[in-house]
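2 protein chains.
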Amino acid sequence: MVPVSDKVKKASSAGSRSLSTAEERREELIDAAIPVFAEKGYHAAPTTEIAKRAGISQAYLFRLFPTKEELFVAVVEKSCRRMVETMAVAASQAEKEGVEPGDAMGLAYGDLVGSDRELLLIQLHAQAVSPAMPPVRKAMRDCFADLYALGSERTGGTADELQNWFAHGMLINVMTAISAEEVNEPWAVALTDFEGDCFPRES
Amino acid sequence: MVPVSDKVKKASSAGSRSLSTAEERREELIDAAIPVFAEKGYHAAPTTEIAKRAGISQAYLFRLFPTKEELFVAVVEKSCRRMVETMAVAASQAEKEGVEPGDAMGLAYGDLVGSDRELLLIQLHAQAVSPAMPPVRKAMRDCFADLYALGSERTGGTADELQNWFAHGMLINVMTAISAEEVNEPWAVALTDFEGDCFPRES
DNA sequence: GGTGTGAGTGAGTGCATACTCACACCTATG
DNA sequence: CATAGGTGTGAGTATGCACTCACTCACACC
Numbered sequence: 079m080v081p082v083s084d085k086v087k088k089a090s091s092a093g094s095r096s097l098s099t100a101e102e103r104r105e106e107l108i109d110a111a112i113p114v115f116a117e118k119g120y121h122a123a124p125t126t127e128i129a130k131r132a133g134i135s136q137a138y139l140f141r142l143f144p145t146k147e148e149l150f151v152a153v154v155e156k157s158c159r160r161m162v163e164t165m166a167v168a169a170s171q172a173e174k175e176g177v178e179p180g181d182a183m184g185l186a187y188g189d190l191v192g193s194d195r196e197l198l199l200i201q202l203h204a205q206a207v208s209p210a211m212p213p214v215r216k217a218m219r220d221c222f223a224d225l226y227a228l229g230s231e232r233t234g235g236t237a238d239e240l241q242n243w244f245a246h247g248m249l250i251n252v253m254t255a256i257s258a259e260e261v262n263e264p265w266a267v268a269l270t271d272f273e274g275d276c277f278p279r280e281s
Numbered sequence: 079m080v081p082v083s084d085k086v087k088k089a090s091s092a093g094s095r096s097l098s099t100a101e102e103r104r105e106e107l108i109d110a111a112i113p114v115f116a117e118k119g120y121h122a123a124p125t126t127e128i129a130k131r132a133g134i135s136q137a138y139l140f141r142l143f144p145t146k147e148e149l150f151v152a153v154v155e156k157s158c159r160r161m162v163e164t165m166a167v168a169a170s171q172a173e174k175e176g177v178e179p180g181d182a183m184g185l186a187y188g189d190l191v192g193s194d195r196e197l198l199l200i201q202l203h204a205q206a207v208s209p210a211m212p213p214v215r216k217a218m219r220d221c222f223a224d225l226y227a228l229g230s231e232r233t234g235g236t237a238d239e240l241q242n243w244f245a246h247g248m249l250i251n252v253m254t255a256i257s258a259e260e261v262n263e264p265w266a267v268a269l270t271d272f273e274g275d276c277f278p279r280e281s
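Protein sequences, first through last, are from chains F and U. Take the first sequence: its position 57, counting from 1, is numbered 135 in my numbering, and each next residue is one higher. Take the second sequence: its position 23, counting from 1, is numbered 101 in my numbering, and each next residue is one higher.
Where hints are given, some of them may not hold.
The list treats identical chains as one, so a pair stands whether inside a single copy or across any two.
To be verified - SDA-like mimics (lysine to any residue), calculated; alpha carbons at most 20 Å apart, straight line: (1) Lys118 <-> Glu147; (2) Lys156 <-> Asp194; (3) Lys216 <-> Ala266; (4) Lys216 <-> Ser257; (5) Lys146 <-> Asp109; (6) Lys216 <-> Val151; (7) Lys118 <-> Val151; (8) Lys216 <-> Glu263.
To be clear, the hints were calculated from the coordinates, so they are not data collected in a lab.
Hey, can you work out the whole structure from these sequences and the hints?
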């Protein structure tokens, strides 16, 4: 969309150590911001800490992203992209192996939030601030749209089935947020047991 | 649990206008805090505003709740209690009318988050800060335990059915957070359409 | 060598916020 | 009446934060 500058990037691959392009720095900054926002949430995450982790000054952070909100939106978008990609890969692999893609993506989601807790936490924080931050809300809606399209295309499931699939995804998120798997009570066991097919075929 | 003071409350019902007991004030304070936390989340909600809404000084707020965190936990607990009560009432009413309690509670939940958006938002914010705030996490776990017990007792559903029920509840939360009902795209329609029984009986 | 442009920063500014402290005011009881 | 203890506050303090500004430095091109 945005007409990327046709300037050659120089120091990216090798050679003279020193300045990066703004675009590269922006990407590094987003990666550095993800764990901070994931751990503390939007309001409690200080831009100073993000800048420090990225290895740049806070002043430069604000040149790359004019407001903290814009940085956060970029973080949310990147997290969503990562999620969708991971699921797509899982679905493709499942198709090759002849496994039901719906099941594969269900499992892939479980693995995803299990291994990459940060993505899940970003989702959670983004949901929470969505009502108050329209750009974040938009990013979340786009994320759901992409995920739904992917699920629909790969599984060919009905609307009801996809709703089920998403519902269980949301439950996984919440249970992970409160670390329900550490609790040894009936409710926790029941609500975190995803052994049973979480994408039941009804046909 | 805590040995409540057995002192008689005096100015509560009628008579001499003036001071309230600390317990009464605490309750008022929680009620005043709910909309503020709901709208802004934990970190962005200023105690000054909460105090102002409650009609007391900020200094007194901090006498009633030594830390903001403790106030927030009280808010979360009260929200949970309200939710559980509402659902219980819906279930009882359903029993009298011979309706399936599971369905009734499903509908009751939908109505609840539709009419009392604040409760939903509190849940969302509490989930988001749970990983970083153990007391909030505990409150959330207790909330799920109560809700699960209620659902189990009233519907007699299996673990799988209850898991389904919770999963759809979580989906409602998230869709409400991003106001998906305002969106006119397939994914939004599919994920917000709860006409079909969201508590399918499988037996 | 000179010059223009973009990368990058040290050192702030101003404001909001959680929490404190010394004090005033009710009111129930002896 | 005195006084003890609970209710309530005005006026702070200390800190942390988003964001800014004036400035330096690296590099590409002439």
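Practice task
Classify it for me, Lys216 with Ser257: is the Cα-Cα distance of at most 20 Å met within a copy, between copies, both or neither?
Solution key: between (28 Å within a copy, 10 Å between copies)
Problem - Homomeric proximity label, Lys216 with Ala266: Cα distance no greater than 20 Å - result: Close across copies (13 Å), not inside one copy (32 Å); limit 20 Å.
Exercise for the section: Up to 20 Å between alpha-carbons, please classify Lys216 paired with Val151: within, between, both or neither. Expected result: within (9 Å within a copy, 30 Å between copies)
Handout entry: Identical-chain pair category, Lys118 with Val151, by Cα at 20 Å
Key = both (15 Å within a copy, 18 Å between copies)
Exercise for the section: With 20 Å as the alpha-carbon cut-off, assign the pair Lys216 and Glu263 to within, between, both or neither. Expected result: Result: close only across copies, 13 Å inter versus 38 Å intra.
Exercise for the section: Indicate which option fits the pair Lys118, Glu147 if close means a Cα-Cα distance not exceeding 20 Å: within, between, both or neither. Expected result: Both ways: Lys118 and Glu147 sit 15 Å apart in one copy and 15 Å across, limit 20 Å.
Handout entry: Same-copy or cross-copy closeness of Lys146 to Asp109 [CA-CA at most 20 Å]
Key = within (15 Å within a copy, 31 Å between copies)
Problem - Identical-chain pair category, Lys156 with Asp194, by Cα at 20 Å - result: within (14 Å within a copy, 33 Å between copies)
In the structure shown, no violation is registered for any of the earlier numbered hints.
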